[in-house]
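Peer 1: Chain by chain, the residues run as shown.
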Amino acid sequence: MKRKFDHPATSPRELSGPKYWRSLDELADTPGFREHLAREFPEGASSMDGVDRRQFMKLMAASFAFGGLGLAGCRRPEAHILPYGKSVEYTVPGLPLYFATAMPQRKSAIPLIAETHQGRPTKLEGNPSYLPHGGASSLLAQASVLDLYDPERATAHTKGGTTLTNAQVNDILAGITKAYGGNGAGLAFLADESASPTRARLVAKLKQKFPRAIWAEYEPVQDEPPVAAAQASFGKNVKPVYRFAKARRIVSLDADFFHAEAGALYYARDFAKGRRVTKTTDEMNRLYVAESGFSLTGSMADHRLRLASSHMLGLAAALANEVLGTKVFAARASGLDLNSKWIEECAKDLLAHSGASLVVAGAHLPVAVHVLANAINARLGNLGSTVDFVEIEPSLASGILSLATAIKAGSVKTLLVLGGNPAYNAPAELDFARLLGSVPEVIRFGYYVDETSAQAGTHIGATHYLESWGDARTVDGTIVPVQPMILPLFNGLSEVELLARVAGEENPDAYAQVFTTIGRLTSGDSKKAFEKFLHDGLLAGSAYKAVPVAFDPQRSGSAFAQSPAFAALSKDNLEVRFVTDHKMDDGRFANNGWLQECPDPMTKISWDNAILVSPRLAKELGVVPGGSMLQVARKEEAEFSQGKENAFVFEVTLNGRTVRGPVHIQPGLSNYTIVLPLGYGRTKSGHIGTGAGFSAYAVRSTDALGFATGAKLAKTTERLKLANTQEHWSMEGRDIVREANFDGEEGYLKNPDFVNGIGMESHTPAVLGADKDKSPAFIATTTPRGNSLYESPNLDGPHQWGMSIDLNTCIGCNACIIACQAENNIPIVGKEQVMRGREMQWIRLDRYYSDGHADVQAFGAEGNKALPGDSDDPTVSPQVSMQPMTCQHCELAPCETVCPVNATVHDDEGVNVMAYNRCIGTRYCANNCPYKVRRFNFFDFNKRSLDALYMGPLGHQDEVPELVKMVKNPDVTVRMRGVMEKCTYCVQRVQQAKIAQKRKAGATGNVEIPDGTIKTACEQVCPVEAIIFGNILDEHSAVSTAKRQDRDYAVLGYLNVRPRTTYLGKLRNPNPAMPDYGALPLSRVEYNQKNGHSAHGAAPGHAAKPAAEPAKHEGQG
Amino acid sequence: MSKIFPKAANALPLQIVIFLFILGGVTTAGITYYATPAYLRVGYQPVQPVPFDHSLHAGQLGLDCRYCHAGVEKSGTSSVPAAQTCMNCHSIIKPTSPLLEIVRQSYATGEPVPWVKIHQTPDYVYFNHSVHVNRGVSCVECHGKVNEMSVVYHDQPHSMSWCLDCHRNPASRLRNPEDVFNLNSSTLAAQGKLTDAEKFVHDWKVKPPQSCSGCHR
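Chains A and B are the protein sequences, given in the same order. Read left to right, the first sequence gives residues 0 to 1116 (numbering that gives the first Met the number 0). Read left to right, the second sequence gives residues 0 to 216 (numbering that gives the first Met the number 0).
Hints listed in this document are in silico derivations from the structure and should not be mistaken for laboratory results. Do not rely on the hints blindly, as some may be mistaken.
Straight-line distance between alpha carbons at most 16 Å, and here's what the computed EDC-like set of lysine to aspartate or glutamate pairs gives [unchecked claim]:
1) A/967 to B/122
2) B/206 to B/164
3) A/544 to A/390
4) B/204 to A/907
5) A/999 to B/202
6) A/773 to A/1034
7) A/618 to A/571
8) B/204 to A/795
9) A/999 to B/72
10) B/204 to A/1007
11) A/85 to B/110
12) A/773 to A/1033
13) A/773 to A/1047
14) B/116 to A/77
15) A/235 to A/551
16) A/204 to A/505
17) B/206 to A/1007
18) B/206 to A/907
19) A/235 to A/392
20) B/116 to B/154
21) A/964 to B/122
Start from the sequences, fold in the hints, and give me the full structure.
Peer 2: Below is the structure:
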C-alpha cells in the first residue's frame, strides 16, 4: 500500500528564497532546475539513445524467436568443480587471505592490507599497524586495484612492433650494461620519484658503475615543500612533518593538505583529531585558509581568504610582520589588497596559541613563502611541537632540464624512461616528445603504452605494485614492504629487477634485492626480521629522526632575492593555477574507470576537467548575455533539461601557448585566478582515458609549474557538454545539513542540541511522541511503527544495525565512494550515461554552498544581483557543507511499501535489503525514496562496454574480458540489467561476521558480535573516522555513543521514516575578532532568512541582511 | 444461403471455456510438479571423471568426511579435495590403477580433476557450510546418506522453500554436535528427544535467518 508523505507544503517564500544551494542554477531557481528536481531520476534517465523503438522491437522479436529455438535444447548445464592438484599453503577455498603491502606514491607510500581470494587481490584496506593512518586509505589507493586488471595495460614487451620474450628483454638490459660498462657516457635514465630504499641503493650502484651516465628524476607536480626552503631557513637537509593533532590554530597558505600535499592521509586524520567534538568540554581547532582555488581544505576553513597564489608571498610577509612584530617584510607585502584587520587578528590568534599553532605553505609556492612560514613557526615556538623537521637524504638526481640540455647537445645515446609519462607531462617549452625522437635509442619501461611509449623504440611492460616486490617509505619515513599478491599477469618486469639487471647485480631478482636492503637495516636473524617486516607491513622504528632546528634569519635573506614583486590581476592579466586533479592525480590514473566516473568533490564534474573561473570573472568576460548571470554556463533551458552542463569552450593563452577547455563557474575562487586541473587530455591511453578533458600541461612551463600570471581567456564558438552530477538527486533544499558555530551566543557550547532547533521537527509535535528522547535501541525495538497495512517484520534480531556520520569531521574526500564501489561490485556507466543521471555509485557526496548573501528580492526577476563570490573583498567567501548520502535504512522505509513484488524488505536486524532476484524494475521504490539514494541498472553495465548499449541476446556477444571480472568481490552479487540496487550496510560483511561468531560459539549461546568487529567499506576507508557503524542495541557500542550526542539528527526526520543512519551536526569555529566573523554559519543565515527567523540571525557583517519579502514567482512559469 | 456454423457450434463457447480450464489446470499442475527442484534435481547422478566410491571410503573404510572435505568447518564451501589428498593414500594403495590415472596426472601437472558438480547453489545464494556443521546440522540433512552411495546423487531438493522449512523449525533437524559427521546418527527429534533439541535452540540462541539478507547479498 502506498503511503503518501505529507511534506509540509512549500511556502512561496521557501520556493523563492535562498537555501542551501548546490549549484548556481539551484540558487537562481531556474525553471529548468525546478523541473529537474521534481523528477525521480533526472530527465532522460529513463529514455534510450541510439536505438529507436522500431529497431528495438525488431531486435527483440528476433531474440524471442531464437529464444524459442533455444528451449528445445534446454538441459541443465553441467558445471565442474576444479580443485587444486596440490594443496596451496594457507589457502582454504572460500576464505580470503590478507597480506600486508603498500602503494608507492611520489616520495611516500600508503601501507595497505590486500584481500585476496584464491590468489586474486580484490580489495585494499589501510594497514592498521601503521598508526598515523590507522587503517584508513585514500581514494587513489582504493581504485588502484582496478588498474591491475586493466585490459588496456601494456600486455607485452615490444620492440618496433614485434613482441619480445622476457629473455630477450633481459638480453637488451644486459646489452646496455655491457655497452656502457666503464664510464657510462651516453647513457641516461629518466625516472619518476620514488621512496624506495632498494631503488635508492640500486641507483647509487648505477652511479658507481656508470659515473658519467645521467640519472634524472621528474615529477610533474611537487607535493613536498622544497628542500631549498629548509636549507635557507635552517641550513639543513630537512623536511617538515606536521603534527596537526597538536595544533589548535592552523593557517594554510594555499596548502591543500587534505589532498595535494604528500602525507595528506596522515594530515587529514590528524586534523580531524583536533577537530572532533563529542562534548561541550572538548576543544576544537580553528583553520584559516588563504587560497586561490577552492580545495577541500578550503571547504573546511573557518576563515577563508580568496587570494591569488602569486599574492601568497605578500600575505605570508604581512603575517610574518605581525607575528614577528617587525616591518622587515613590509616591502614584500606592499600592494596586497586586503583588509589588514584580517591579518592582524589572525596573527593575534596565532600568538595567543604559541606552540599550539601551525602555518603551512603549499608545496608549489616559492621558496620565500616557505621561509616565511618557517620563520613564523619558529617565532611561535611550533618547531618541535606542531611541526617536526626530519632529516632526509639529499636527492642526487638531476632534473629533466639538464637531461633535456644533454639530449639537445646530442650526448645521450640511450635513454631509459622508467615510469612517468614525460612526453605528456613535461614542461611545455621542452617539447619533450620531439626531444625523445632525437635520441638514437629510447627504451621505455611503463605500465601503459602511452604518449611516451609512442616515442620509444622499445617498450618494456612494467608490473603493477600488486605484482612486484619492492619497498617504500611513508611520509614520516617508516619503511613498508611492497608485496606481490599475484604473479605478473603479463610477464611484466618490476622496476627493482630492471635496475638490478642494468646495474649488473648477481641476483637481480626483486625479492632478493629487497631482502638485501632490509637485511642491512635490521640486526639478528635477517630471515626472521624480514618475515616480521612482511607480516607487520612495516619496519618498526624506521621513521625519519626529527632533528632540532633553529631558524637562521641571516641565511634566509637570499631566498627573497629571486622572488618577484607581484602585480595586480585583472581580466587581461589572469593568474593560472595548475592543480593535480582530485582523481587523475597527474594523469597516471587516466584509464581508471572508477576514478573517471567519480565526481570531483567540489565541481561535481565527472569524466572531464574544466577551466574553473570565478563568477566575477565570468561576468566580466561577458560570458552571459543579458541579466541572467547565473546561467552563464548553460543559458538555454533546453540545454539544461537533461542535467547536462552545456559549457562554453574557452581558450587560455599563456606565454603564447594556448589550450581549449570548457569553462565551469566555481564560486569561491580568487576573482582573477583560473584553475586548470592537470591529468586530463590524454591522447594515448585506454578507451577510458583517451579524450577525456583537456591537457593543461600544454601551457605549463618550467618557470611556472604551480601557477603563472599573464594569461588571457578568449571565448570560442564551441560548446561542450559536461557530465556534472551536482544537481542530480537534489533534496529540494530542506534542512538537510545542520550547522552551528562552536562558540558564541548561538553556538554549540551554549546550545549543544542546536540541531533540534532547526528544521521542520522544531515546529511540529515530536514524530516519536513521548519516546523522542529515548535511546535508538528503545525506539527500534519498542516504539510501535505505526498501523500501516504494510506488514514489516519485527525488529527482533540479536543486533540492530545503525550508522552515525559526523559532518564535523567529514572532509569530502570521496574515498568512501570508491571503497564502496570496490567492495560492492558497482559498475561504471560512462559519461553519456552519467549525463542522463544513471551513475551507480551507492554513496554520493552532496556538496552544498551557502553565502548568506543572496538577494532574495532578485529571485524570479532579472536574476541574482549579488553573485556569490562576486565581491571585491577577498575575505567574503561562500561556505561549503559536505554530506555523504546513501541509503538511510529507514525503519519505516517508504520504498518497501510501494514495491509490488516485495523485492525490497526489512530483515529482522533493521537493514533494508534488496532481493535482486525478485526485482522486476518498476522503479517505484526510487520514486518513493525521500533521500534519492536508489540506483537502477538501466543496462547490463557489467556486461556492456562503455560506448555501447546492451542490445539483448542478439546484440554484441563479446562479454567483458575475464581479466575485468577478476576484480569482482565474490561475496557480492553482480547485478544485472533491470534491477534496483543501493547501499546494503555491507550486508556481506555483516553476515560473514555473524557466521564467524556462530562458528566460534559452536554449542554455546555466545552469538552476539563484539562491537568494532564489523566495519563497512566506507567506515574502514574513512581517513577522518567520520563514519561509525554498529549495533544500536548495545548501549556501549561506538555507534550508540555517537548517536547519544546532542548533535545527532536525522535528515528529513519529520517524515517519520525513522532512518537508522543519522548525522552529527557540523560545527564551525570562527574567530569573533575577525572582520569576516559571522555569529551564525552562512547556511544558518540563509535558513533563517528563508524561514523568517531573522530575529536571531542578527549577525554582523555581510551576514546581517534582513529577511526580504517573498519574491514574486509567477513570472517564472 | 447456407449457414456458416452448424448447430453443434452452439456448444462451442462452453467447450472452449471448459477446455481452457482443463488446460490451465493441467499446466498449473504440471509446472507445480515438474518444474521444481524436487523433480528436476533430486536423483541427478552424473558420471564422474574418477569413479570415486563414497560407500567404500566413507562407509566401509569409515573415513571422516572432513579428511577430504577439509574446509567444511571453516569456510563457506566444503571444498573438494586436491589430488594431493587422494595421493596421500593412493601413492601406496593401488598406485597403478588405471581408474586413478586422472588423479595421478592432476597431482603431477596441477591440471584439476574436472569433478562434475551435483549440488549447485545459484550464484546469488551464499550458502555457508561452516555455520551449519558447527551448530548441529549434519551433512545428512542436505546430502543424504552419502556413506551409502557408491555414486553420489542429489538427494534433497535444495529449493528455497526446502531451506526455509528447516530455518523456520530448526529444532526438528538438530543433532548432538558430536553426531554431525556421523552419517548413521539421527536427529534429536527422531530419537524422541525433541525437548532436548528445543533446549539447544534456546541455549545456543539458534536463530536461523529467515530474511533475504541471510542468504542473498
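Peer 1: So, for every hint listed, does it hold in this structure?
Peer 2: Quick rundown of the hints versus the structure:
Of the pairs offered as hints, the one joining residue 967 of chain A and residue 122 of chain B holds, with about 13 Å between alpha carbons and a cut-off of 16 Å not exceeded. Restraint check for residue 206 of chain B and residue 164 of chain B: satisfied, since their Cα atoms lie roughly 13 Å apart, inside the 16 Å limit. Restraint check: the Cα-Cα separation between residue 544 of chain A and residue 390 of chain A comes to about 6 Å, which is no more than 16 Å; the hinted pair holds. Among the hinted pairs, residue 204 of chain B with residue 907 of chain A is consistent with the structure: their alpha-carbon atoms are about 15 Å apart, no more than 16 Å.
Proximity of residue 999 of chain A to residue 202 of chain B is assessed by CA-CA distance (about 15 Å); at most 16 Å being required, the pair is judged to hold. Among the hinted pairs, residue 773 of chain A with residue 1034 of chain A is consistent with the structure: their alpha-carbon atoms are about 12 Å apart, no more than 16 Å. For the proposed pair residue 618 of chain A and residue 571 of chain A, the alpha carbon gap of about 14 Å is at most 16 Å, so the pair holds. Distance restraint check for residue 204 of chain B and residue 795 of chain A: the Cα-Cα separation of roughly 13 Å lies within the 16 Å cut-off, and the hinted pair is therefore satisfied.
Between the alpha carbons of residue 999 of chain A and residue 72 of chain B the distance comes to roughly 10 Å, so the proposed pair stays at or under 16 Å and holds. At most 16 Å may separate the alpha-carbon atoms for a hinted pair to count; residue 204 of chain B and residue 1007 of chain A meet this at roughly 10 Å. A hinted pair counts as satisfied when its Cα atoms are at most 16 Å apart, and residue 85 of chain A with residue 110 of chain B qualifies at roughly 10 Å. Between residue 773 of chain A and residue 1033 of chain A the alpha-carbon distance is near 14 Å, which keeps this suggested pair within the 16 Å criterion.
Taking the CA atoms of residue 773 of chain A and residue 1047 of chain A, the gap is about 13 Å. The hint holds against a cut of 16 Å. About 7 Å separates the Cα atoms of residue 116 of chain B and residue 77 of chain A, which keeps this hinted pair within 16 Å; it holds. This hinted pair checks out: residue 235 of chain A and residue 551 of chain A have alpha carbons roughly 11 Å apart, not beyond 16 Å. Proposed proximity of residue 204 of chain A and residue 505 of chain A is supported: the alpha carbons are some 13 Å apart, at most 16 Å.
Using a Cα cut-off of 16 Å, the hinted pair residue 206 of chain B and residue 1007 of chain A holds, with the two alpha carbons roughly 12 Å apart. Proposed proximity of residue 206 of chain B and residue 907 of chain A is supported: the alpha carbons are some 11 Å apart, at most 16 Å. With a CA separation close to 11 Å, the supplied pair residue 235 of chain A and residue 392 of chain A stays within the 16 Å bound. Restraint check for residue 116 of chain B and residue 154 of chain B: the C-alpha separation of about 14 Å stays at or below 16 Å, so the hint holds.
A C-alpha spacing of about 14 Å is found between residue 964 of chain A and residue 122 of chain B, which places the hinted pair at or below 16 Å, so the restraint holds.
Checked against the numbered hints given earlier, the structure satisfies every one of them.
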